[in-house]
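Engineer: Listed here are the chains, written in short residue letters.
Number of protein chains: 2
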Amino acid sequence: MKSVKVGICGLGTVGGGTFNVLKRNAEEIARRAGCTIEVAQIAARDTNPKCDTTGTPITADVFELVTNPEIDVVVELIGGYTIAKELVLKAIEHGKHVVTANKALIAVHGNEIFARAREKGVIVAYEAAVAGGIPVIKAIREGLSANRINWLAGIINGTGNFILTEMREKGRAFEDVLKEAQALGYAEADPTFDVEGIDAAHKLTILASIAFGIPLQFDKAYTEGITKLTTADVNYAEALGYRIKHLGVARRTDAGVELRVHPTLIPADRLIANVNGVMNAVMVNGDAVGSTLYYGAGAGMEPTASAVVADLVDVARALSCAPQGRVPALGFQADALSELPILPIGECESAYYLRIHAQDRPGVLAKVATILSERGINIESIMQKEAEEQDGLVPMILVTHRVVERNIDDAIAALEALDDISGNVVRIRVEQLN
Amino acid sequence: MKSVKVGICGLGTVGGGTFNVLKRNAEEIARRAGCTIEVAQIAARDTNPKCDTTGTPITADVFELVTNPEIDVVVELIGGYTIAKELVLKAIEHGKHVVTANKALIAVHGNEIFARAREKGVIVAYEAAVAGGIPVIKAIREGLSANRINWLAGIINGTGNFILTEMREKGRAFEDVLKEAQALGYAEADPTFDVEGIDAAHKLTILASIAFGIPLQFDKAYTEGITKLTTADVNYAEALGYRIKHLGVARRTDAGVELRVHPTLIPADRLIANVNGVMNAVMVNGDAVGSTLYYGAGAGMEPTASAVVADLVDVARALSCAPQGRVPALGFQADALSELPILPIGECESAYYLRIHAQDRPGVLAKVATILSERGINIESIMQKEAEEQDGLVPMILVTHRVVERNIDDAIAALEALDDISGNVVRIRVEQLN
Numbered sequence: 001m002k003s004v005k006v007g008i009c010g011l012g013t014v015g016g017g018t019f020n021v022l023k024r025n026a027e028e029i030a031r032r033a034g035c036t037i038e039v040a041q042i043a044a045r046d047t048n049p050k051c052d053t054t055g056t057p058i059t060a061d062v063f064e065l066v067t068n069p070e071i072d073v074v075v076e077l078i079g080g081y082t083i084a085k086e087l088v089l090k091a092i093e094h095g096k097h098v099v100t101a102n103k104a105l106i107a108v109h110g111n112e113i114f115a116r117a118r119e120k121g122v123i124v125a126y127e128a129a130v131a132g133g134i135p136v137i138k139a140i141r142e143g144l145s146a147n148r149i150n151w152l153a154g155i156i157n158g159t160g161n162f163i164l165t166e167m168r169e170k171g172r173a174f175e176d177v178l179k180e181a182q183a184l185g186y187a188e189a190d191p192t193f194d195v196e197g198i199d200a201a202h203k204l205t206i207l208a209s210i211a212f213g214i215p216l217q218f219d220k221a222y223t224e225g226i227t228k229l230t231t232a233d234v235n236y237a238e239a240l241g242y243r244i245k246h247l248g249v250a251r252r253t254d255a256g257v258e259l260r261v262h263p264t265l266i267p268a269d270r271l272i273a274n275v276n277g278v279m280n281a282v283m284v285n286g287d288a289v290g291s292t293l294y295y296g297a298g299a300g301m302e303p304t305a306s307a308v309v310a311d312l313v314d315v316a317r318a319l320s321c322a323p324q325g326r327v328p329a330l331g332f333q334a335d336a337l338s339e340l341p342i343l344p345i346g347e348c349e350s351a352y353y354l355r356i357h358a359q360d361r362p363g364v365l366a367k368v369a370t371i372l373s374e375r376g377i378n379i380e381s382i383m384q385k386e387a388e389e390q391d392g393l394v395p396m397i398l399v400t401h402r403v404v405e406r407n408i409d410d411a412i413a414a415l416e417a418l419d420d421i422s423g424n425v426v427r428i429r430v431e432q433l434n
Numbered sequence: 001m002k003s004v005k006v007g008i009c010g011l012g013t014v015g016g017g018t019f020n021v022l023k024r025n026a027e028e029i030a031r032r033a034g035c036t037i038e039v040a041q042i043a044a045r046d047t048n049p050k051c052d053t054t055g056t057p058i059t060a061d062v063f064e065l066v067t068n069p070e071i072d073v074v075v076e077l078i079g080g081y082t083i084a085k086e087l088v089l090k091a092i093e094h095g096k097h098v099v100t101a102n103k104a105l106i107a108v109h110g111n112e113i114f115a116r117a118r119e120k121g122v123i124v125a126y127e128a129a130v131a132g133g134i135p136v137i138k139a140i141r142e143g144l145s146a147n148r149i150n151w152l153a154g155i156i157n158g159t160g161n162f163i164l165t166e167m168r169e170k171g172r173a174f175e176d177v178l179k180e181a182q183a184l185g186y187a188e189a190d191p192t193f194d195v196e197g198i199d200a201a202h203k204l205t206i207l208a209s210i211a212f213g214i215p216l217q218f219d220k221a222y223t224e225g226i227t228k229l230t231t232a233d234v235n236y237a238e239a240l241g242y243r244i245k246h247l248g249v250a251r252r253t254d255a256g257v258e259l260r261v262h263p264t265l266i267p268a269d270r271l272i273a274n275v276n277g278v279m280n281a282v283m284v285n286g287d288a289v290g291s292t293l294y295y296g297a298g299a300g301m302e303p304t305a306s307a308v309v310a311d312l313v314d315v316a317r318a319l320s321c322a323p324q325g326r327v328p329a330l331g332f333q334a335d336a337l338s339e340l341p342i343l344p345i346g347e348c349e350s351a352y353y354l355r356i357h358a359q360d361r362p363g364v365l366a367k368v369a370t371i372l373s374e375r376g377i378n379i380e381s382i383m384q385k386e387a388e389e390q391d392g393l394v395p396m397i398l399v400t401h402r403v404v405e406r407n408i409d410d411a412i413a414a415l416e417a418l419d420d421i422s423g424n425v426v427r428i429r430v431e432q433l434n
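Line order of the protein sequences matches chains A and B.
Counting along the first sequence from 1, when you hit position 77 you're at 77 in UniProt numbering, and nothing is skipped either side.
Counting along the second sequence from 1, when you hit position 169 you're at 169 in UniProt numbering, and nothing is skipped either side.
Hints listed in this document are in silico derivations from the structure and should not be mistaken for laboratory results.
Please read these numbers as outputs of a predicted model, since none were measured by experiment.
Where hints are given, some of them may not hold.
[Stated by the list, open to error] Okay, the calculated bits of chain B under chain A, using three or more residues with CB under 8 Å as the criterion:
no.: 1; segment: 141-151
no.: 2; segment: 171-183
no.: 3; segment: 217-231
no.: 4; segment: 331-340
[To be verified] Here are the simulated lysine-lysine pairs, BS3-like style, with alpha carbons at most 25 Å apart:
no.: 5; chain 1: B; residue 1: Lys179; chain 2: A; residue 2: Lys2
no.: 6; chain 1: B; residue 1: Lys385; chain 2: A; residue 2: Lys228
no.: 7; chain 1: A; residue 1: Lys385; chain 2: B; residue 2: Lys170
no.: 8; chain 1: B; residue 1: Lys2; chain 2: B; residue 2: Lys120
no.: 9; chain 1: B; residue 1: Lys2; chain 2: B; residue 2: Lys23
no.: 10; chain 1: A; residue 1: Lys170; chain 2: B; residue 2: Lys2
no.: 11; chain 1: B; residue 1: Lys228; chain 2: A; residue 2: Lys385
no.: 12; chain 1: A; residue 1: Lys50; chain 2: A; residue 2: Lys90
no.: 13; chain 1: A; residue 1: Lys2; chain 2: A; residue 2: Lys23
no.: 14; chain 1: B; residue 1: Lys90; chain 2: B; residue 2: Lys120
no.: 15; chain 1: B; residue 1: Lys2; chain 2: A; residue 2: Lys120
no.: 16; chain 1: B; residue 1: Lys170; chain 2: B; residue 2: Lys85
no.: 17; chain 1: B; residue 1: Lys179; chain 2: B; residue 2: Lys228
[To be verified] Label pairs and their computed distance ranges (CB to CB):
no.: 18; chain 1: A; residue 1: Lys120; chain 2: B; residue 2: Ala183; range: 34 to 44 Å
no.: 19; chain 1: B; residue 1: Ser422; chain 2: A; residue 2: Asn235; range: 13 to 23 Å
no.: 20; chain 1: A; residue 1: Gly346; chain 2: B; residue 2: Asp287; range: 51 to 61 Å
The C-beta atom is built at its ideal place from N, Cα and C for all residues, glycine as well.
Sequences and hints are given; from them, build the entire structure.
Structural biologist: Below is the structure:
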């Protein structure tokens, strides 16, 4: 099997996550990509205690990695503008493909970097630069390519969303929540990029370019932070049926493109108004598809690595497959499908909602509880209503913990055989979907 | 510029939508694809009153189209298993790439079709087969390729979700809402495929295969419909903090794969529990990325066409571009970027939330309203609170209709100049995000 050789620059949070995901999921990734993706070298000043890099060559000099003739793809995860830019341009110069998670670099220097990449015939991929693990760059560049995009709006800074969620849910003041976010590691010691909207403006600049087909123009983005928001306004907004979110909004009008980051009232029943905590979401509205939404973790070690590695798979597929076989029909190579069996429903596991109509007499609940516990079924919650007028039966509603379905089938048969129970037991599955 | 020649089989809802989107967005699509996508022939028994097909050759014989040597890509939009299967296999035999929206065909005959396509070196694309315009096939096959997928769960039948939404929100009975759905055209005269979960099981079968890398096994999917759900259970679920949704669930366990479609209680605060009406959403949980969600229109003329045409762009890019240039960095070809200007914030349009602290005396509201109306600013809602204890000021909260920002800036300056107004006016933008 062919192997694509990768060099990782930077072994911090995202670099470490990328290394770990490539290692842990090596087999799954090879089944998808049709080739192996091998970390041939790492450039980092320090090791990462969360990574076992035994066996992988490490250099302290990123420029040594970038010029290493063995390496096909350079992964830039050091951040910032200066060295990162030099490093990426040098990698391109040496004919390497580049994967980066660096939103600031792409938003500010992307036009120049992409032009050099075109000249040299290499790919520069940057899915991880916007909304972490959510494949929203791919959704817009490829999934919605039929559409004239009308507008997009995103919660694209997790720190800001965490602060606003806490302000709303707990009535806390901005400064107070910011301190907690810093303690939790969600916000930097200098939180300016997050709370003043600069990070969001970097990401919005990128999204607007791929949505409308315009050059990157970060310097023209309007940026307003959340530092001046008060709990009074959060509460008034709530009373009017709105939530306040820190949004990046890009809209196409006849006159041009609106490109703006600011706190925004959104009707509380919109899906995006219910995206809370550090989570990210981007709405994209196209003339054919209407409104779509993409939701997930916008930052963090492995969510961001998920996007970096997906870019690596894209590059590997481009390098090693014929165009018509680039993405196999089922996503995995045809000769690498698994024989994992489909389980019969009796072997599936779920929690269950049960509705039982019981006679209103003592001891029924004890009998029901005994039947369930004998089959290893634990009760999570129970609700008993008053007797119904006509028949004197008491509706008893139970929600169980997770259990294999055949045990529930067996319990239902035993319950229905009780004299105290009338008619069939209603059974509906329950999933937490965490 | 190169041209990729497409033949559309079927000019019903989706076929008509595909034709119209390709025509209306021809320029935008060419800017993205790097080539034009031309409808060279249509096979249809009837014309579609929503399509102006003047100038496009039409045949009544799909097999004439499929063997037409001019055509590069056959778009199968006739539906069903029998003729559709024959047609797709014949197209592959003749070396044509195929794009289809036919979930039943892929779920039941996909293994055979994909094997033939591999032998002939052609692409079979089917994004439109699952969740209409939402690019969820692409998200799983490419966007999440770094992950070992743990589970996925989707609302993937709009008719069923419409019925459950109406039952919950309006306390209506299943039969009653089904009749309305049929009258509105959401449900077929024979609603079996929708309400018994067969349509959802087709789609779930496809999603599970691409998530776990297993062959398509529709016959092993457990399928339970929504016909037996009562409003009593919908209400009890609500009282326990849950919503009932008709979900397709696929989960990887050590023993195998759970593949099941059934009504499901979900905690009411989950994002997917708040996907209402005919909308679709799919949650995908991967070991690196965690939980992600994809939301949009799951059916309809142009949403489905959006996915069909995105597949055509994918095929066109594979045929006409070098691998490293398949998807241009900004999604549009570098020489096709637009010069659309970024608007200064004063030229952007939004609705506004204004908080004004006014003296508690007569005539203030009239002055405020006059200042706004003189600048063409209409008030959507107004909320006046009691005077605050300390200073006797009355907080007055206004939400305006949409207006250009410079008019609001001007109004705020005028408001702040009033003797009756204390301090600065708080201004937050409002977006409906429909």
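Engineer: Take the C-alpha atoms of Lys2 (chain B) and Lys120 (chain A), compute the straight-line distance between them, and say whether it is at most 25 Å.
Structural biologist: 23 Å, holds
Engineer: Can the restraint linking Lys2 (chain A) and Lys23 (chain A) be considered satisfied, given a maximum Cα separation of 25 Å?
Structural biologist: 17 Å, holds
Engineer: Take a look at whether the Cβ-Cβ distance between Ser422 (chain B) and Asn235 (chain A) falls inside 13 to 23 Å.
Structural biologist: Hint holds: Cβ distance 20 Å, inside 13 to 23 Å.
Engineer: Honestly, do Gly346 (chain A) and Asp287 (chain B) meet the 51 to 61 Å range at C-beta?
Structural biologist: Since Gly346 (chain A) and Asp287 (chain B) have Cβ atoms about 27 Å apart, the given range 51 to 61 Å is violated.
Engineer: Going straight from one Cα to the other, do Lys385 (chain A) and Lys170 (chain B) come out at no more than 25 Å?
Structural biologist: 22 Å, holds
Engineer: With a cut-off of 8 Å between beta carbons, are at least three residues of the segment 331-340 of chain B near chain A?
Structural biologist: holds (count 8)
Engineer: Hinted pair, alpha-carbon criterion (25 Å max): Lys228 (chain B), Lys385 (chain A). Please report holds or violated.
Structural biologist: 21 Å, holds
Engineer: Next pair to validate is Lys179 (chain B) with Lys2 (chain A); report whether the Cα-Cα distance is within 25 Å.
Structural biologist: 57 Å, violated
Engineer: Measure nothing beyond the straight line between the CA atoms of Lys90 (chain B) and Lys120 (chain B); if it is 25 Å or shorter, mark the hint as holding.
Structural biologist: Distance of about 11 Å is within 25 Å: holds.
Engineer: For the segment 141-151 of chain B, do at least 3 residues have a Cβ located nearer than 8 Å to some Cβ of chain A?
Structural biologist: Answer holds; 8 residues pass the 8 Å Cβ test.
Engineer: Has the given pair, Lys170 (chain A) with Lys2 (chain B), been kept, meaning a C-alpha gap of at most 25 Å?
Structural biologist: Distance ~59 Å between Lys170 (chain A) and Lys2 (chain B) Cα, so the pair is violated.
Engineer: Take the C-alpha atoms of Lys385 (chain B) and Lys228 (chain A), compute the straight-line distance between them, and say whether it is at most 25 Å.
Structural biologist: Between Lys385 (chain B) and Lys228 (chain A) the Cα gap is close to 21 Å, so the pair holds against 25 Å.
When held up to the earlier numbered hints, the structure conflicts with 2, 5, 10, 12, 16, 18, 20 and fits the remainder.
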